[in-house]
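There are 2 protein chains.
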Amino acid sequence: MKNEHLSHSTLFPMGQKVEKNFIGDAYLQMVFTDPAPLNTAIGNVTFAPGARNNWHSHYTGQVLLVTGGEGWCQEEGKPAQSLKTGDVVNIPANVKHWHGATKESWFVHLALTPGQTDWLEPVLDEEYIKL
Amino acid sequence: MKNEHLSHSTLFPMGQKVEKNFIGDAYLQMVFTDPAPLNTAIGNVTFAPGARNNWHSHYTGQVLLVTGGEGWCQEEGKPAQSLKTGDVVNIPANVKHWHGATKESWFVHLALTPGQTDWLEPVLDEEYIKL
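Protein chains in written order, with this note's numbering: chain E, 1 to 131; chain L, 132 to 262.
Hints are computed from structural coordinates only; laboratory data are not their basis.
One should not assume that every hint holds.
[Said to hold, decoys possible] Selected chain E positions facing chain L (in silico; Cβ < 10 Å):
id, residue
1, Pro13
2, Asp34
3, Leu38
4, Ile42
5, Asn44
6, Thr60
7, Gly61
8, Val63
9, Gly86
10, Val88
11, Asn90
12, Ile91
13, Pro92
14, Ala93
15, Leu110
16, Gly115
[Unchecked claim] Pulled from the structure, derived: some chain L residues nowhere near chain E, Cβ distances all over 12 Å:
id, residue
17, Gln147
18, Pro180
19, Gly181
20, Asn185
21, Trp186
22, Ala211
23, Lys234
24, Leu251
25, Glu258
26, Tyr259
27, Leu262
[What the hints assert, rightly or not] Chain E is nowhere near these chain L residues, computed Cβ spacing over 12 Å in every case:
id, residue
28, Val149
29, Asp156
30, Leu159
31, Ala182
32, Gly208
33, Leu255
34, Glu257
Just so you know, even glycine gets a beta-carbon here, dropped at the ideal spot from N, CA and C.
Turn these sequences into a full structure, and let the hints guide you.
See below:
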């Protein structure tokens, strides 16, 4: 029996390995970058098990549409929120947070990001492994 | 062996049957309606085989993200475009068009619609069956 959590989704293209601001193996493919009719670009982000992005914040906010696997999204000072396929997350502007896969599962989301991003420090292993 | 084309995607919730402006069995679940940070609402639209929406146009345009199955999108006066999982379509403002499933397959897309929609006449069976 195939274990869906151990294989990544191929709904949208996986794209290239992200070289900055992530820990572990993560991949990004922009799927929509036209200037109209949306106020946002759309990227497909694929995290291998254990991969996550650094703490960061968005000038305008961000919406995540989870299309595969299991992951986490944590705002600073709050418990991490468990995410699975079909979940939709509205991350407010200027809120420090991170997102990424669980230790055991791939995690795939579309990220709709209408503004710029401020990248901050990594999520430390000792914080992450407690989840 | 499961035939993916004969079963609908359950990535996002299927929602309720659409009662107006569609032919055949189609379902809509809004998945994002917050006023910020996007300029658009997002709906998950699921078409049973043979289902399609009426001809229509969008005041501001629309973006489709195909998440399952096989379908068609046709602008008036142009050949119908075949669509499959992973395709992204940018429908310009005020362009008369329709979209829907193929005769044999379910079809599922996220629809990002930043403005209002003008609904027009149905896509006739004699046009559709030629595809």
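Okay, the hints, checked on the actual structure:
| no. | hint | in the structure |
| --- | --- | --- |
| 1 | Pro13 | holds (7 Å) |
| 2 | Asp34 | holds (5 Å) |
| 3 | Leu38 | holds (6 Å) |
| 4 | Ile42 | holds (7 Å) |
| 5 | Asn44 | holds (9 Å) |
| 6 | Thr60 | holds (5 Å) |
| 7 | Gly61 | holds (3 Å) |
| 8 | Val63 | holds (6 Å) |
| 9 | Gly86 | holds (5 Å) |
| 10 | Val88 | holds (5 Å) |
| 11 | Asn90 | holds (5 Å) |
| 12 | Ile91 | holds (8 Å) |
| 13 | Pro92 | holds (8 Å) |
| 14 | Ala93 | holds (6 Å) |
| 15 | Leu110 | holds (7 Å) |
| 16 | Gly115 | holds (7 Å) |
| 17 | Gln147 | holds (16 Å) |
| 18 | Pro180 | holds (20 Å) |
| 19 | Gly181 | holds (24 Å) |
| 20 | Asn185 | holds (20 Å) |
| 21 | Trp186 | holds (19 Å) |
| 22 | Ala211 | holds (21 Å) |
| 23 | Lys234 | holds (23 Å) |
| 24 | Leu251 | holds (19 Å) |
| 25 | Glu258 | holds (27 Å) |
| 26 | Tyr259 | holds (27 Å) |
| 27 | Leu262 | holds (24 Å) |
| 28 | Val149 | holds (20 Å) |
| 29 | Asp156 | holds (21 Å) |
| 30 | Leu159 | holds (15 Å) |
| 31 | Ala182 | holds (21 Å) |
| 32 | Gly208 | holds (21 Å) |
| 33 | Leu255 | holds (28 Å) |
| 34 | Glu257 | holds (32 Å) |
In terms of the numbered hints stated before, the structure departs from none.
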